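Since chain A is already given, all that's left is putting chain B on it; use the hints.
Letter by letter, the chains look like this.
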Amino acid sequence: MVTYVFLVAAAVAIVFALLAIVHRNPIVNVLSLLVVFFALAAIYAVLGMDFLAAMQLIVYAGAVLVLFLFVIMLLNIKSVERIGSGRPLQAVFGALTAIAIATATVLAIRQLTPSWGALLPGSAKGTVYPLGHALLTSHTFAFELISVLLVASLVGAYVLARKEDR
Amino acid sequence: MWAEILVIVIKVVVVSSVLLTLVPIMVWVERRGAAMIQDRLGPNRVGPFGLLQPIVDAVKLITKEDLTPSGVKGVDRLLYLLAPSIALVVAISVFIAVPFGFDPGLKLFGHAIDGFIVAPNLNLGILYIFAIASLGVYSVVLAGWASNNKYSLMGGIRASAQMVSYELAMTISVVGVLMVSGSFGLQDVVLHQSGTWFGFIPRWNVFPQIIGAITFIVAAFAETNRLPFDLVEAEAELVVGYHTEYSSMRFAAFFMSEYVNMVTASSLIVILFFGGWTLPGFATPAGWLGALVSIGIFAVKVAFFLWFFVWVRWTLPRFRFDQLMALGWKTMIPLAVLNFLLVGAGMALRNL
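Protein chains in written order, with this note's numbering: chain A, 178 to 343; chain B, 66 to 417.
Bound-form chain A, shown alone (with noise of 0.2 Å):
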């Protein structure tokens, strides 16, 4: 059950992926992301992890994306030009750059955990209170860490947009 929920949504979050990319209606590419953070709830469901399926919903599903919607309709962009493939240098060390992040990737989580079976559910506790209790414990400074980047982003966002008074 668990394996063929995470098949097809494993499937439908690559397809729409690539979609969100590759297609040139911007209007579809930020659907196409919408589709994307459905099924990585859906993953995060499957494995228990409620609260983090609920999270990726609330954040990306209905305010991040919201507006990414809301500055392609301020600017009115109906379609975007293919963009050649005028640096192909860039390109190249872009692919292996993205290779490298995933080999990392997978092989961190290979180093944590024994064997995928150990990321199924009934392992895992995803309820709200052990993931409040870790960020306020043993995760205080990564925690802590990641506010003062959101609180860096925001001053940053209000320089940039303030007019008057420079």
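Please note that the accuracy of each hint is not assured.
[What the hints assert, rightly or not] Some residues of chain B that are not near chain A, with every Cβ distance over 12 Å (derived):
id	residue
1	72
2	75
3	104
4	120
5	194
6	198
7	368
[Said to hold, decoys possible] Distance condition first, Cα-Cα at most 20 Å in a straight line; then the derived SDA-like pairs of lysine to any residue:
id	chain 1	residue 1	chain 2	residue 2
8	A	340	B	137
9	B	138	B	76
10	A	255	B	129
11	A	255	B	142
12	B	215	B	143
13	B	138	A	336
14	B	138	A	256
15	A	255	B	316
16	A	340	A	326
17	A	255	B	395
18	B	395	A	339
19	B	215	A	336
20	A	255	B	213
21	B	395	A	256
22	B	129	B	316
23	A	255	B	147
24	B	125	B	115
25	B	215	A	329
26	B	129	B	106
By construction, these hints were calculated from the structure, which means they are not laboratory data.
All figures in this text were calculated on a predicted structure; none of them were measured in a lab.
For glycine and all other residues, C-beta sits at the position ideal for the given N, C-alpha and C.
Just chain B, lined up with the frame of chain A:
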């Protein structure tokens, strides 16, 4: 096995048909209520007190021609046709996590009915509601985008900004209630509010968390696009905004989803802040009678807030868009955070 499936099917059918039946009733209440507030009569020709007017309206909407504006083709046409469905699907599916009555362990066909809620084992509760409800904005935004009409587009742009802004205040104002109840499940939230303080004040969350209740109710108005926050379809500026181009049942789908959203919002206000189906000093009788009485109490409270929505709509003028944004970010969110901090401080002091 079969009894279990049957119970679930009955719940789904009953809840969705009650929700959709409430729509014509609310349309009638809205029109007659508007007339009453404006010292007119309102629709009173069809049936006693004009009660059959919604049926006539429905026949008119069904038999009208379903138009698609010219220039809407390709992907845009797909989105144009999809948008009303998204609105209605989201509006109805949100309700499956809303408990609407007290279950003293009743059985149907030899199977426990597991409380008067469609999805009793969903331990996300209110998080599920927020997750699904936050998708409702896509119907408005896509309708506005795909209509090939600048007024519709303006409505869609306004909707995206407004929904995201008020969702924050709404979510934060609920945190206080969840902290006190110690659960995301709405049934636990209601059970926590039974009984009284000092023998006469009901233990409803509205009394200790009045700030949270006010911010939640205001944000609920903004999230349902009701006046004074209906900038999305401001008829004086944008014709009717995102659904200008829609006709027939596609228009009706938007219309119905607005009223279903109102029912959900009223239910959430009642559950989170006004004690759900509990009534102080009233012991719910056992068996099916108790269940019916508790559903009745809940329905009366929800009906009051539905009337409140109508009442406010025909009493207050509309905000300007900059006022809407300023209120959302500079007043609502700080107030919601204040409520959350006060509740946290109160709980910490009690535990000292």
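Here's how the hints hold up against the structure:
no., hint, verdict
1, 72, "holds (22 Å)"
2, 75, "holds (26 Å)"
3, 104, "holds (41 Å)"
4, 120, "holds (36 Å)"
5, 194, "violated (10 Å)"
6, 198, "violated (8 Å)"
7, 368, "holds (29 Å)"
8, 340/A <-> 137/B, "violated (38 Å)"
9, 138/B <-> 76/B, "violated (40 Å)"
10, 255/A <-> 129/B, "violated (31 Å)"
11, 255/A <-> 142/B, "holds (14 Å)"
12, 215/B <-> 143/B, "holds (19 Å)"
13, 138/B <-> 336/A, "violated (41 Å)"
14, 138/B <-> 256/A, "holds (14 Å)"
15, 255/A <-> 316/B, "violated (25 Å)"
16, 340/A <-> 326/A, "violated (24 Å)"
17, 255/A <-> 395/B, "violated (34 Å)"
18, 395/B <-> 339/A, "holds (17 Å)"
19, 215/B <-> 336/A, "violated (31 Å)"
20, 255/A <-> 213/B, "holds (11 Å)"
21, 395/B <-> 256/A, "violated (36 Å)"
22, 129/B <-> 316/B, "holds (10 Å)"
23, 255/A <-> 147/B, "holds (19 Å)"
24, 125/B <-> 115/B, "holds (16 Å)"
25, 215/B <-> 329/A, "violated (36 Å)"
26, 129/B <-> 106/B, "violated (27 Å)"
Checked against the numbered hints given earlier, this structure breaks hints 5, 6, 8, 9, 10, 13, 15, 16, 17, 19, 21, 25 and 26; the rest are met.
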